[in-house]
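Make the full structure from the sequences, and use the hints.
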Amino acid sequence: GESQGTVVAGGNGSGNRLDQLYNPHYVFVDRDHSVYVSEYGNHRVMKWVEGAKQGIVVAGDQGQGNGLTQLSYPYGVVVDQLGTVYVADAGNNRIMCWPNGAKQGSVIVGGNSGGGQSNQLNWPTGLSFDRHGNLYVVDYGNHRVQKFNIE
-9 GESQGTVVAG
1 GNGSGNRLDQ
11 LYNPHYVFVD
21 RDHSVYVSEY
31 GNHRVMKWVE
41 GAKQGIVVAG
51 DQGQGNGLTQ
61 LSYPYGVVVD
71 QLGTVYVADA
81 GNNRIMCWPN
91 GAKQGSVIVG
101 GNSGGGQSNQ
111 LNWPTGLSFD
121 RHGNLYVVDY
131 GNHRVQKFNI
141 E
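Sequential numbering of the sequence shown, starting at -9, is according to the working numbering.
Treat the hints with care, as some may be off.
[Said to hold, decoys possible] Label pairs and their in silico Cβ distance ranges:
(1) Val39 to Gly123: 38 to 44 Å
(2) Gly131 to Val17: 21 to 27 Å
(3) Gly105 to Gly57: 16 to 22 Å
No lab work stands behind these hints: they were computed from the structure.
Using N, Cα and C, we set each Cβ at its ideal position, and we do this for glycine too.
Following this line, the structure appears as structure tokens:
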């Protein structure tokens, strides 16, 4: 294997320019080798196409908040075959879905204040889908993993 890494996203110091990252937390790589990075510090998700010198904002970037164009401390990120971005929006206790090219997302799980009920999340940090389309969420603050059928 290689002993030297290659920068594929960021690498230009901490900041909010399109060629920078600020407190990146999670990464997802799609079939085309595009790299999606959740940025805890900039409250956004960036997509870096293979070989790109700067990224594209695919979720958030309207400042921290709970509006449908905003994120608050995003963690886990997963992207499906259609380019839909799913984000664990930890600070808002919700999972957001951003269709490819959309300027705003929609809440698919949680978002009804943090709590321990089956329809609530408390600081979700990770997410994954199984082959049947079920969504699994790491519900950090509730010390559990929840499964949701979102179809």
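- [ ] Check the following: the C-beta atoms of glycine 105 and glycine 57 are separated by a distance inside 16 to 22 Å.
- [x] Since the Cβ atoms of glycine 105 and glycine 57 sit about 21 Å apart, the hinted range of 16 to 22 Å holds.
- [ ] Indicate whether the distance between the beta carbons of glycine 131 and valine 17 respects the range 21 to 27 Å.
- [x] Cβ of glycine 131 to Cβ of valine 17: about 23 Å, so the range 21 to 27 Å holds.
Task: Status of the given 38 to 44 Å range, CB of glycine 123 versus CB of valine 39 - done: Cβ of valine 39 to Cβ of glycine 123: about 26 Å, so the range 38 to 44 Å is violated.
Hint 1 alone, counting from the list given before, is not met by this structure.
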